[in-house]
Every structure is written in C-alpha cells, then in structure tokens.
Amino acid sequence: MAIVLNQNQAIALDQLLEQVDTQGLEYHIKSNQNKPVPLIRGIGSLGNAGQSEISFLSNAKFFSLLPETKAAAVILPQKAVDHLPAEMPFDMVVCENPYLMYARIAQWFDQFRLDAIPKQIHPSAIVSPDAIIEEGVSIGALAIIESNAKIGAGSIIGPSCVVGRNTTIGKNSILYANVTLYHDVTIGSHCILHSGAVIGADGFGFAPDSTRETGGWCKISQLGRVILGDYVEIGACTTIDRGAIEDTIIGNDVKLDNQIMIGHNVRVGDHTAMAACVGVAGSTKICSRCTIAGAGMVSGHLTIADDVHISGGSAVTSDIHEPGRYTGVFPIATHSVWQKNAAVLQQLAQLRRRIQQLEKNKSN
Amino acid sequence: MAIVLNQNQAIALDQLLEQVDTQGLEYHIKSNQNKPVPLIRGIGSLGNAGQSEISFLSNAKFFSLLPETKAAAVILPQKAVDHLPAEMPFDMVVCENPYLMYARIAQWFDQFRLDAIPKQIHPSAIVSPDAIIEEGVSIGALAIIESNAKIGAGSIIGPSCVVGRNTTIGKNSILYANVTLYHDVTIGSHCILHSGAVIGADGFGFAPDSTRETGGWCKISQLGRVILGDYVEIGACTTIDRGAIEDTIIGNDVKLDNQIMIGHNVRVGDHTAMAACVGVAGSTKICSRCTIAGAGMVSGHLTIADDVHISGGSAVTSDIHEPGRYTGVFPIATHSVWQKNAAVLQQLAQLRRRIQQLEKNKSN
Amino acid sequence: MAIVLNQNQAIALDQLLEQVDTQGLEYHIKSNQNKPVPLIRGIGSLGNAGQSEISFLSNAKFFSLLPETKAAAVILPQKAVDHLPAEMPFDMVVCENPYLMYARIAQWFDQFRLDAIPKQIHPSAIVSPDAIIEEGVSIGALAIIESNAKIGAGSIIGPSCVVGRNTTIGKNSILYANVTLYHDVTIGSHCILHSGAVIGADGFGFAPDSTRETGGWCKISQLGRVILGDYVEIGACTTIDRGAIEDTIIGNDVKLDNQIMIGHNVRVGDHTAMAACVGVAGSTKICSRCTIAGAGMVSGHLTIADDVHISGGSAVTSDIHEPGRYTGVFPIATHSVWQKNAAVLQQLAQLRRRIQQLEKNKSN
Chain A
0 MAIVLNQNQA IALDQLLEQV DTQGLEYHIK SNQNKPVPLI RGIGSLGNAG
50 QSEISFLSNA KFFSLLPETK AAAVILPQKA VDHLPAEMPF DMVVCENPYL
100 MYARIAQWFD QFRLDAIPKQ IHPSAIVSPD AIIEEGVSIG ALAIIESNAK
150 IGAGSIIGPS CVVGRNTTIG KNSILYANVT LYHDVTIGSH CILHSGAVIG
200 ADGFGFAPDS TRETGGWCKI SQLGRVILGD YVEIGACTTI DRGAIEDTII
250 GNDVKLDNQI MIGHNVRVGD HTAMAACVGV AGSTKICSRC TIAGAGMVSG
300 HLTIADDVHI SGGSAVTSDI HEPGRYTGVF PIATHSVWQK NAAVLQQLAQ
350 LRRRIQQLEK NKSN
Chain E
0 MAIVLNQNQA IALDQLLEQV DTQGLEYHIK SNQNKPVPLI RGIGSLGNAG
50 QSEISFLSNA KFFSLLPETK AAAVILPQKA VDHLPAEMPF DMVVCENPYL
100 MYARIAQWFD QFRLDAIPKQ IHPSAIVSPD AIIEEGVSIG ALAIIESNAK
150 IGAGSIIGPS CVVGRNTTIG KNSILYANVT LYHDVTIGSH CILHSGAVIG
200 ADGFGFAPDS TRETGGWCKI SQLGRVILGD YVEIGACTTI DRGAIEDTII
250 GNDVKLDNQI MIGHNVRVGD HTAMAACVGV AGSTKICSRC TIAGAGMVSG
300 HLTIADDVHI SGGSAVTSDI HEPGRYTGVF PIATHSVWQK NAAVLQQLAQ
350 LRRRIQQLEK NKSN
Chain W
0 MAIVLNQNQA IALDQLLEQV DTQGLEYHIK SNQNKPVPLI RGIGSLGNAG
50 QSEISFLSNA KFFSLLPETK AAAVILPQKA VDHLPAEMPF DMVVCENPYL
100 MYARIAQWFD QFRLDAIPKQ IHPSAIVSPD AIIEEGVSIG ALAIIESNAK
150 IGAGSIIGPS CVVGRNTTIG KNSILYANVT LYHDVTIGSH CILHSGAVIG
200 ADGFGFAPDS TRETGGWCKI SQLGRVILGD YVEIGACTTI DRGAIEDTII
250 GNDVKLDNQI MIGHNVRVGD HTAMAACVGV AGSTKICSRC TIAGAGMVSG
300 HLTIADDVHI SGGSAVTSDI HEPGRYTGVF PIATHSVWQK NAAVLQQLAQ
350 LRRRIQQLEK NKSN
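These protein sequence lines map, in sequence, to chains A, E and W. According to numbering that gives the first Met the number 0, the first sequence holds residues 0 to 363 in order. According to numbering that gives the first Met the number 0, the second sequence holds residues 0 to 363 in order. According to numbering that gives the first Met the number 0, the third sequence holds residues 0 to 363 in order.
Each hint can be trusted.
For identical chains, the list gives no copy identity; a pair is met inside one copy or between any two copies.
Below, in silico cross-link-like pairs of lysine-lysine (DSS-like), each with a Cα-Cα straight-line distance of 30 Å or less: (1) Lys170 / Lys118; (2) Lys359 / Lys339; (3) Lys60 / Lys29; (4) Lys34 / Lys78; (5) Lys60 / Lys284; (6) Lys284 / Lys339.
What the hints contain is simulated information worked out from the structure, not anything from laboratory work.
Just need the whole structure built from these sequences, with the hints factored in.
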C-alpha cells in the first residue's frame, strides 16, 4: 500500500477524479449508496489496499480478489462490474482502461512530492553567471550549472547534478540528484533523468595506431552531441554517449530503464522502450515503438525496424526488417542437464553429418 | 601483499589474535620456538607475503607453497600441520576455518582506516535542520542530508553523498562517496554502500497510452519505497528501484556486487548474494541463501526458492522451486566452430524430424 | 557534421596539418588549383560534411560518396586518388591511413575545448592542505581532494569528483565530472576517466560464516589497491574494484568503454580494449592486445592469452591459451522459431543417443 496524503489531506473520490488528468479516458463512478463518499489518501493493490486507498483491476486473473479487498474504491471495467453483486463494499470507478486510469491517478498523487520541492536556486549551487535559468526553476544544493547552459521554465535540477557548458534542458524536466550532463547536450521538455545517469560522455572510438607501439590506440575525440526529445525518461546509471561526428539522437517519449548503455551515433525512434541492462552499440538505428527486454544486446551499425520486440537476454547481431518478437536465449536447466546438452551442442555440425550419412545409407 | 600498519604499529601475533573478533572460531598458536614472537603489520598471500605479514592456507592445493613462504605466520588447519615438519620458519595459527579467520583479521586491519575518518559533520556538508543525526556520525565534505532524514549512531556518510527526504539509515552503516539515496528509503544497520549506488530511483513502469499518440506511454509514478535490512552490502553503481505501490525489500545480510540492477517490488531473502552485472526484473521474489553468479538475469514476476544457485550469464525465465544449481549459457568456442554449430542450432527442430523419419523407416 | 571553430577561428588546410600531430604518418596535400586554400572549421562525414569541414575515406565502400561530398577537403589513400578525376571540388590529403589521420585531427579540434577549462582550483573545491597539486592543474567546482592525494601537472579534475586519501594521479590526465576514486588508488598519466566511474570500491569477497547464523557471510575487507597505467581510458559508470590483498592492475593504453565491471585482483595487459557492459570476474588475467566486444563476460580465476578477441555477448568460462576469435552466443530468431529450436536443444543428449542407436542398427 502507498499512503501519500495525511488524514487532513484526504480527498473525496469524486473530487480526486475531477483533479486527475483523465483526458481521453471515459469513466463513471458507481457509488455504494450505503456508505459515505470515500476519502482517498493513496493507492493500494487489491490484496493490500486499506480503507483510504483506491485500487484497480487491470487483469481479469485478479477478479477473485475483489470480494475480499478493503479498498475504498476500485477502478474496473464494465465487464467486471457485470459479474459482481449490485452492492459491493467499495465504490467503483468504471473505466475500460483501469491500468491507464491508475497511472494517471498515481501521477496526481506524486505531484504532491514534486510540488514540495522549492522553486529556487539553492544558495550552495554554483550557477555560471551566463547560464540562462528560466522561471520557476528549482536548482538543488551543490548543483553545478556551467557556462552558457540553459534550464527551461519549471525544470527541477536535483542536488549535486552537473550541467555542462552549452547544455540545454527544456521545460518541466526533472533531473534527480547526481545526474551528469556533459557539454553541448540537449535535453527536451518533460524529461525525467534519474540519479547516476551520464549523458554525453565520449563514444568509444580509437584508431589502431602502431606508429609508436605495436597494438597502440589513438583516441578519436568525440565531437558530436547527444540530443534527447521530449517526454524521455532515463533510468539510474544509464549512459548515453555523444556522437563521434554526427549526434546521438533519442526520440520523443523514449523510455530507458536503469543501467542501459547507448553507444555513440545511435538513433532511437519515438516511443521505444528498453528495460534495464540493455546495451546498444554504436551507430545502430532502432526505429519507433520497439521494446527491448532486460539485458538485451544490440550490435553496432544495425537497423531495427519499427515495432520490433526483443526478448530479454537476446543478442541482436544483424538487421531486423520485419516487426515481431525475436528471441535468442539459452534455456536454463539444472546444471547437470545443461552440461549434457551443452556438450552435444558443440558437436552439432558433426551430428548433422551423421544424420546425412544415415539418410544417404537409407536411400542406397 | 598488503601492509596496513607502519613499523611503529606492528603488533605481536598473540596480541593480534586477542584483539580480532574470533567468536565461534577455535584456534591455537603453534610457535616457532627458535624465533621471537613475530610482529605483524598486514596480510599477504602465501606466495607474496613478507616477514611482517600473516598468511593463510584456505585450499589444500596451495599446500606446496608453505615451505617457501616468507610469511611471519600462517593460519592453517591441523591436517596441514600434520603434514609439515615440526619446525617451520613461520608461526602457525591452527584453525579449522582459515578462510574465515583471515576474513576476521582483515576486518581488524581495515578498522584502522575506518577509525581515521573523523566523527564529525564536515562544515561544507548541507544538513537539513530537521534531520536527525545520532551520536558518533561522520558526514563527509559536500554531503547533503535532506529534510527529515535520520542517520543512526556511528554511521559514516561519505563525501558528496545525497540522502533524500525522510530517508533513514541505521547504526554503524557506511556510505562511500557519491552514493545517492532517494526519498523514503530505509537502510538498516551495519550496511555498506559503495560509490555510485543509487537506491530508490523510480521503477520502470508505464501504461500504454494512445489517447494522445499511437504508441504513447503514460508514466506510472512509483509510490513505494526501498527497504534494506541489516548487514547488507551494495556494490558500486548498483541500483535498486523503489516499488510501484508496495516496497522493494532486501533482506538481512544480502550481498550485492557492483552494477547490479534490482527492479521495483523485488524481494530478496536473507543471506542471498549476487555477483556483478546481475539484473533482477520487477516483482520477482528471490528467497534466502541463493547465489547468482555474474551477469545472471532473472525475469520479472518469478519466484526463486531458497538455496538456488544460478551460474554466470544464465537467464532465469521461469520459477525455480527446487534448490540446486542451474545453468543456461552458450558454450564458447573458436568463432569458426561456433559458426558451424550455431548454423545447425537454427535447424534443430528440422534435425529432430529427420531423426524421427529415420527411426520410422527403420521400424517399417 | 561537427563544426568546432567559429568563422574567425577557421584555419587553412595546410596550416591545420602543420599543427596536427602527424608523427609516424606520411601525407601530402593535392590541392584543387581552381579554388583558394580551403578554410577548415571542423570534421564531417562524407555524406554530411559542409564547405568548411574536412572529411575522410576510411573504407572503400564509401568511395561512391566522393563525387557528391561537399567537404572542403578529404583524407584518402593514393589508391582512391587514382580512381578519381584529376580535379575534384575538394582538396585531397593523400595518406595511407586516413582513419588515423582523422583521429589525430579530431584530437586537435577537441583541444580547443580542453584548453578552455581554466587551470585553477575552483574556490568551491575542497582540497586537503596536505594534498600535492602540481603545476597547471585544473580542479573543478565542488571537487574534493582528500588527504595526501597527489594530482600531477596538467591534469584536469572535473566538478564534483572525489579523489580519496593517498590516491595519486599522473600528469595530463582528465577526470570528467563525478568520478570517484577511493583511497590508495594510482592513476597513470594521460588517462581519461568518464563521469560515474568508480575506481577502488571493495572487491566482492565474503567468507561463509555460520558461527552466528546459518548461511551467514563475513566480509573480507579489501586491503589491496587499484593501479592504472598510462594512456588508460575508463568509460562512464565503469567500476574497477580494489584487490583483496594484492592489487588490481590495468596496463598501459587499456581502453574500457562504459558500464564495465573489473573485479578484484584482475590484471589487464597493455593495449587491451573492452566494449561496453563487459564484466571480468575476480583474479582473472587478460593479457595484451585483447578485445572483448560488448556484454562479453569473463569468469574469475582465468587466464586469457595475448591477442584473444571475444565476440559480443559471449561468456568465457575457461582459460584461453591461443590467440584468435572466440564466440558463444545464441543466435537470435523470431520467437516462434526460437521456441522450437530451444525445445529441441533441451533434448540434445537424447537426440545424440537416438542417432547412435540408428547407426548401431545400420551396422548390424
């Protein structure tokens, strides 16, 4: 359960829904006539919600939890209502997309926390005199805003962040504590960057250089930039490298989880989402509305079409032109079973030859 | 070799062992009568230890190094002593668990370093007036302790750390430099968190939202918390996300190496240890005394039983109910051998049919 | 395209090449006689370069772009010149190693940015009075230099970096913002460390300790150090752990990309390069001039010979004694194809037996 408001802040269900952003969502409240309008203080799961929480039914398999839930109100589709007795102990918010409605309500609750962050430049922050700080910006303690940087109206820069020279952040974006933006980076509006994220470090580029020593490397200075669109979220300790010559470009509404690595010159299309620990090597283009599940790996210089979904732990080593789901992961087994199968795996080509031989013998 | 003490600090072997925490360990010293009691300044491996270091024999395969070691003293089991001449150049600390004795001695040496950290609030730290700082706490330079946070007695907060609103740290815990704790996080006592760790960033949750644009995402604000038990160690750049509604919970004595990702709502049981680069996706429950070797990956919404051991690089994609060791990793080979076997791998289903056909023909 | 200089700074091609470090590179300029000497302001790819940029042909497959390029000058080998008309709209820098020449020119351009960083100790930095800061050092805002640390001449310490007690940095090295160096770390000269990198956190070492509780762990304090050679580059959020007793040692000219994990006591030989998301477990020795592609994993206590190349996503679980390329990655396929093949994979040992049976029947 997640109680966000204290008792004095509790809000009546109908007022809550009036304040929540319900754009594009149709809903109506089906009240329990025997009870007063419930006062809501937070959100809970069906199994754990208390009397001051709203819950939701986003998956039919949890229908059986409804009779037992202690939630004050439940968001659920008409189909579920039809299967319930006329009177339930909770009020119902009837909506065909309960999961989205829940997301919108969760945002409303979290806004209390964000509103509590003072819209001021903390006196300990180091802000370059020529940086442009628009209205309503919050800059946390010990944050550093370097020369010629620009922070758009309403954005929040967390404590100990570093915003490099010439770097631009749009409006209403949030950097949590300890985010590092290098020089010449562009962050859009309504973005969220989590702690430990590093945007704009050098791409990994070295030219073989044996003019001084066999096997030597000559660094290729990375002169490109990183450009993030609007509504991008970047997880904790995720790194996006600057381009070598051209820029690394992340589209609008791209969602990257924690510990992701995006190499130099990569382009990621709108609405693409990647779960944690994914790596995308340099110069690869991933188009729009793709998903890459956790620990997926994409080699460099590839093109991945729109609407491609990569399963967790799978390595993409060539272009993918068709939408669909792709997988390449060794199935786990007990260690002893794995040992036997892995041993045979290393003889597969030989095994095929033996089958060919058997087939040949048969046909003779 | 690791010389920790300078010459003036050198300590006699018997005094050292009196000061070390030997609870639960039986041992006795078998001295070399021809030599004075050795003075110890650090710990070395059998091969590299010098005359002022103590060493240990934790694996019988290193027995052959004993005659040559220059160590002043060696921790070893009775069985090894029985196979040695009566007089060796080193003193012997006879103990049936030399590895654990070594660990306890190493802690004793490292305490010198920890004791040298001043138990004060550095004047450059930014500590909220309503934060609770108990006795004997050290807060490093430029650390930030936000409103209503609480730091338990004897804890050390390294330089440039950020401790968010309402976050609580127990007693005698250590945060090295540049650790980030979000708001409403709970860290137990005797924990160690390494630099770059981020605890409490948002879990990765988005509801599909095409009310504005096809393929759009609506952020699900993460209202839960992260709770760490006692004696937990968190490696450098490891990230543990806060829960969506419920909390992410890490049990007592859990040990997480570097660059690990723990998703939202994950629960990890007591004494479970994970090596570097492991990822655990959201809502998975890993029970007690498990180990996951490096780069293991665990999908979301799974349950892993007690005493399960996952091999390095293996992907767990379904529940594991039985204790034991599990593996799923493609065996490495020269590239040309791999190419041949991988090509056949993609025809495995067809190969099986051909075998079935051969078997059918035979039986006809 | 990457325009680095403003119009007033534009430099004539011949002057540019005189200033660039061309040691070991032979080249000559073949001018277009009909045009004035081009003024160069940056570097572009053949496809995107503008009239004030220099470009390069590093791969014959891009030869067809030459007639269309708008670049002011192109670096290319004599062989390419031979296939072009006598007069091209661009000046030619004829050089047999255009890629290396490009790298050297890119460094020259990037030096403008580095030279703009003031060679001073920012007044907000916290520098221990007993730290040694050599000449021409730059220490950024809110950086922390702890007791007895030493910063070599010409090095740049970025904002918010933490340099621990007794840690030494050589000459002309660069730490970008938010790098963390623990105590007793040694960084060579001409190194580059990117933001979020953590050098010297504790190695992952615990002795099983059931003297207090079943399944308990006793921390093994890590008393060793980390030593980096010269010309080492460390990517963003890469972590290198300190040794348990001996040191973790990274050779000269080693290049590590982002999000790499190097375990305690690892040794990496000169000129070895690793792409992002690689993990190397404790006590492994990787020799010289090796490469490990992205997300490669190397188990602990192994030895990898010189000139070994590991493919992306491959797990090395035993020693490699011979140079060459090694691979072990499950080939990706559509999910349905993968499902069929993966199912058979788990019956491989049984399949082999069936083939053996067929062969046996045949020979009877």
